[in-house]
Amino acid sequence: MTQHLDLLGREHPRPPARLVLADGRVFEGTAVGADVRSTGEVVFNTSMTGYQEALTDPSYRGQILTMTYPIQGNYGTNAFTDESREVQVRGFVVRELTDLPSHWQNEATLDEYLKRAGVPGIAGIDTRSLTRHLRSQGVVMGTLTRDETAAEALARLRGEPEYQGIDYVAQVSTVSSYDFEDDRQGASNGRGEPPAHVVVVDLGVKRNIMRLLRERGCEVTAVPHTMSAEDILQLRPDGVLLSPGPGDPMLLDHVVTTARGLIGKTPVMGICLGHQVVGRLFGASTYKLKFGHRGANHPVRDEQTGKVYITAQNHGFAVDGDRLDAGVEVSQVHLNDGTVEGLTHRSEPVFTIQYHSEASPGPNDTEFLFDRFVATVRSRGPAQ
Amino acid sequence: MPDKPSSVLIIGSGPIVIGQAAEFDYAGTQACKAMREEGIRSILVNSNPATIMTDEGVADVTYIEPLTVEVLERIIARERPEGLLPTLGGQTGLNLAVDLADAGILERYGVRLLGTSVRTIKLAEDRQLFRDLLRELGEPVPDSDIVETWEQAVAARRRIGLPLVIRPAYTLGGTGGGVANTDEEYERIVTAGLAASPIHQVLVEQSLIGWKEVEYEVMRDANDTCITICNMENLDPMGVHTGDSIVVAPSQTLSDSEYHMLRNSSLKIIRALGIEGGCNVQLALAPRPDVVAWPEGTEGEPELQYYVIEVNPRVSRSSALASKATGYPIARVAAKIAIGKRLDEIENSVTRRTSAAFEPALDYCVVKIPRWPFDKFPFGDRTLGTQMKATGEVMAIDRTFEAALQKAIRSLEVSGRSVLWEHAEWGDEPPLDATDERLWALLAAIRRNMPLEEVSRRSRVDPWFIERLARIVAMERRLLAEDLGPALLRDAKRLGLSDAAIGTLGDRLPEQVRALREEWGLRPVYKMVDTCAAEFDAATPYFYSTYEDENEAPPAPGERVLVIGSGPIRIGQGIEFDYCSVQAAHALQEAGVGAILANSNPETVSTDFDTSDRLYFEPLDEESIRDLLENESGDGGESPRSIVQFGGQTAVNMARTLHGSALPIAGSSADAIDLAEDRGRFEAILSELEVPQPPGTGVTSLEDAITTAEAIGYPVLVRPSYVLGGRAMEVVQDANELVRYFAAALEERTGVVLIDKYLDGREVEVDAICDGETVLIPGIMEHIERAGVHSGDSMAVYPPQNLSNAQRAAIVDYTQRMALALKVRGLMNVQFVISPQDEPDGPGVFVIEVNPRSSRTVPFISKVTGVPMVKLAVNVMLGRSLREQGYASGLWPERSLVAVKAPVFSMAKLVGVDTYLGPEMKSTGEVMGVDRTFEAAVRKAMIASDLRVAAGTPFLLSLSNQTKADALPLIYALHEAGCPLYATEGTAQLVAGLGVPVELVTKRLNEGHPNVVDVIRDGTVGAVINTIEGGRSEPLRDGFHIRRSATEMRIPCFTSLDTARAAIQSLSNPGSYEVLPISVYRDGDGAAK
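Going down the list, the sequences are from chains A and B.
Residues 5 to 388 in the numbering used here are what the first sequence spells out, letter by letter.
Residues 1400 to 2488 in the numbering used here are what the second sequence spells out, letter by letter.
With the rest of the complex left out, here is chain A (with noise of 0.2 angstroms):
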């Protein structure tokens, strides 16, 4: 068993555990975060920073992230770096967890944060491996899991469900509506302007996208997936945010009707999964990538100027361009592969982009966009 030191030379030996793929694929580690099994699908991400905003992020549910910059945990965890409610996460997976955290903002080591939020991990594997599995073979289902031998738990995560069935926006969406206040100190409400209404659909919000829209002067409603175009326009909004989220778009036809309803009645942007529903709307079909975008680096063109913004991205699916719908135009592609990257119509006030404006972890290169979008909410006025 692998040893752990601390700094006094103390041993502390972490039990042993196991992540065990659908595949048949093991790998043994250490066990870190809480004790408890958790199956989810295996995912990886690239950024060398933002742990603790991607294990808030809703659109990790029902994942087990990897992270594949091998030392996580260096400068610890804090309240406000949530970028949602929870953890949300199934599981984390790293070579190592520091229980040496060294930052004036640190308030709890990674792993005592886990342990609380009650999600397990793994450290001490071949994390490089393990995405060089991934990306050859695929995203697939996994497990974590102390207790149990490989065969055990294989078993036990055969007969589990598999991500792609299940709706995980229905788990990460507010219940009710609510009025955002910025949960950080110091941070201002707008440039002066008088603050124009922004109504944001959440689909699996993060945090950074509505403290952005405050920033820019904006009050902002969140509001849970099932309300209906009627009941938002009710509200009056300047503007609609569809917001990103986890899991499959094909299974959000209420929300592609919502969005029906929107479109033509006040100016929308779409983020990511709120992207995918914008473009099931104008005709296209999602389909799975093979192991995703998930990462700070990726690069995206913007298909008018021509200029290559570095993004922060995090999705499973994507729409396939191919049958899109004459008013709307593809504006943006990802460099590496083509990937429809963002939408704009041409004649209504609507833009959507897959990638994660918000950063949070991430680069800011794109944050402009909230600039053009509230700047489109304010020549609108409210919603007739």
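Derived from the structure by calculation, the hints contain no laboratory data.
Computed from a prediction, not measured in an experiment: that's the story for all the values here.
Glycine included, C-beta positions come from ideal geometry on N, C-alpha and C.
One or more hints might be untrue.
[Claimed, not checked] So the derived label-pair ranges between C-beta atoms look like this:
#, chain 1, residue 1, chain 2, residue 2, range
1, A, ASN82, B, GLU1881, 31 to 39 angstroms
2, B, ALA1886, A, VAL179, 48 to 56 angstroms
3, A, ASN82, B, LEU1528, 33 to 41 angstroms
4, A, GLU156, B, GLY2033, 52 to 60 angstroms
Given chain A, put chain B in place with the hints provided.
Frame of chain A, contents of chain B only:
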């Protein structure tokens, strides 16, 4: 967007000096390759012959000429390039571009500046303009004042308050800067800084000492797409020059929001500067307030705090590091952007399926440690500050910080300095201030149970790093306390402890630890550096070792040969050996053999991803080399052969190890190497061959030493056996000095000491290639300085100017006899001394030293003779005779050119180091002057090595008694050249006695003014000739202040009359010089394109 230029001039960075090393050879070479890929004619100029970039076939036209405005104008007039690429030749290239623009030369010839504009260069380099720009952008800059006079300096101190950082404008490696905590320090540093700055300007800045220091490498194309390649965090916080800091990539202690806050700032700056290409931004980030107190007014919960410190609007040392750390070829991409390509139009040559418009993701940790020259200069000031002192650096990669750090320590190749090393004088509280030894002091403090918070507070190193070091110490304790079983050994290897360290802690030999690893199946695997954290399948075979599960580097099929590189750039082992390693890899590939390269130096061409068929970025020690050869052998397969003769002493030292492990060597055998290095065996062979050497022998006791010295007569040359770069070599004049030398040698446990008759004659050296039958000597080099000055510090002339035919014949004959007798297969270097007296029994040629490996003159001789020495040697090793390759025995016909190789020193940066030339090598780099005549070639060498003196320059003379007689013609020559003379007591008497006017200046510093230091400091004299008696390691009191003052004032200081004579000769015959491609000098005008 303007059209792509059809031809581009690329400026190299000149000689290797502290602050500007091999990284620019790497950058320039990549740029030339990039131009070729784009179908653009490249014209290259560099004064440094030891570079790959100046090699045949890298650029389309290559000039090895001094880097001056005059020379560059003549090249521009001859070649008429459409564009000038100034961003790949370091500060030298940038400064020259500005000078060319300011002189109106670029405009006159219609040359477009590529990648950056003069405005941008000035914006980034001029402190005031830069600060104004940042303020406009809303980017925070530390409070500071630009100071050009002492009065302004006083005002700045009053306004901002101490401590203050002083940074001179436009200097290399922060030369002349420092941190002032007291008024005295402030005055001293400001004065030196103003002198160091070519525009007499320093920045006096609010001190951010102890803040986190973070760098970003940024790229931008003409379409305004901006990306960052990598960020890096310094373990040594603000206050230590980044070139002297231990650096980690990516950053370890930055949160995501901090990472992107600093990234945003960097992108904003490159946009505002309008750079098309690469740029480096240095920032300071608020530290933990419990480690370093925040400034006033930031108590409580501040906004995230940072300051922008500096921007380099060009490819830099950091970008070379970032390239090797990420796999992203920054220089290549920067060059392509400069000629108008967009990032998304450039292929990512690592994955070959994505474009250059992305940001690398690392799935490993990279640690860089600087390589300092204090093993050579034990009396130098080891304090690290804002002035860089390292000559080179090493990099290591692993999956944890601890393992990468320990591999980097092993890569340093400082004898005896393992992770476990401690200074014998460290007591209970090892000194934690910034020196080259701090890393070891931190570990020592932890071992002594100093609370970790205190270690952090005292050193200001972030607790994250301290705690990581504590984990290493914790593992040491386990290894000391527990029985070594498979689990413990696995943990220790995963944490990066070497077999040797594990052995030391558990009372085992490294070999026994290795045997246990073998028994328990603990072998490293090799993982790929692929720029994308395994997200894509990558094509580039660039690997590092780690103790994980999956191996990504199975042995490639077919014949392969390992070239062992030369490790970090250090005094005595410079870029020349990287040149040889790269050439060897190319030669192997040309012969259809797979080239495997192992090296630990991130600055070099050899560690470029496309130099070899497979690159192992590894320490060059026994453990790593054997591990990687085992990996290359596969399961029970045959090991590839290793070439040990191109990587300097680092690689040669592996010969015995390889031999002992039954691993095959290509070329001269371990026994041949031993034969040349073992004094007894070597002497026996020489006497059998009837090849004379100066009388002498190896001794182990002082008694024997004195007897021997008396028998052969003083002066004698003493040195330990097995040396490179003349370490601890001295000319000893009498028995007293011999006693002193021996005392020191015994302390260092050097074992056998060699004592030879010291012949005060001309030194000559040759490089030769031997296949066992044929011995080819491409050229003979004659040194300008007499024996006693290390060959690496001597000026060398090709072809020799003063040899008789008989001497020439003897040199060729002896070389051939020795090469055959030593069974050399490949390269060999021989150093001779020509007796100053007529020798009745022969030509007076004596062998001083033979090295059966490549020497530092191989690139020089290859370039001036056109004989591709490394390639011939590699082919010999592969079994092709020289005859088959079209070469016969003997001396290669001399070319009609004259080439002078001159050493270049970095003494201004090394406070406390004596600068006189002696048997210990001190130079960091070299330049070459080549022309049709000796005078013109010397003149160019003097210009290129900054020893140029103009007629009429006032000289200060201070000569030792021994050299006075020799100096007479020199004194007349100086007088005739209109040089006013100043001299110290004894010398003044001599000069006056010759009837030459002279002004007496006392060398006794406390007996009135002006003294020697005054006339140097106040600019009264513009050059110094100062000769001394003997030669030893510690600073000689006599004349030390003269030499240091001259160095700090950057005026020529000649400590050998021979060098001075050459300089004065070229001064009195100013004449003209040619500016031509090297191929034209060598092969005639027909070679010009």
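Hints breached by this structure: Per hint list: single violation, 4.
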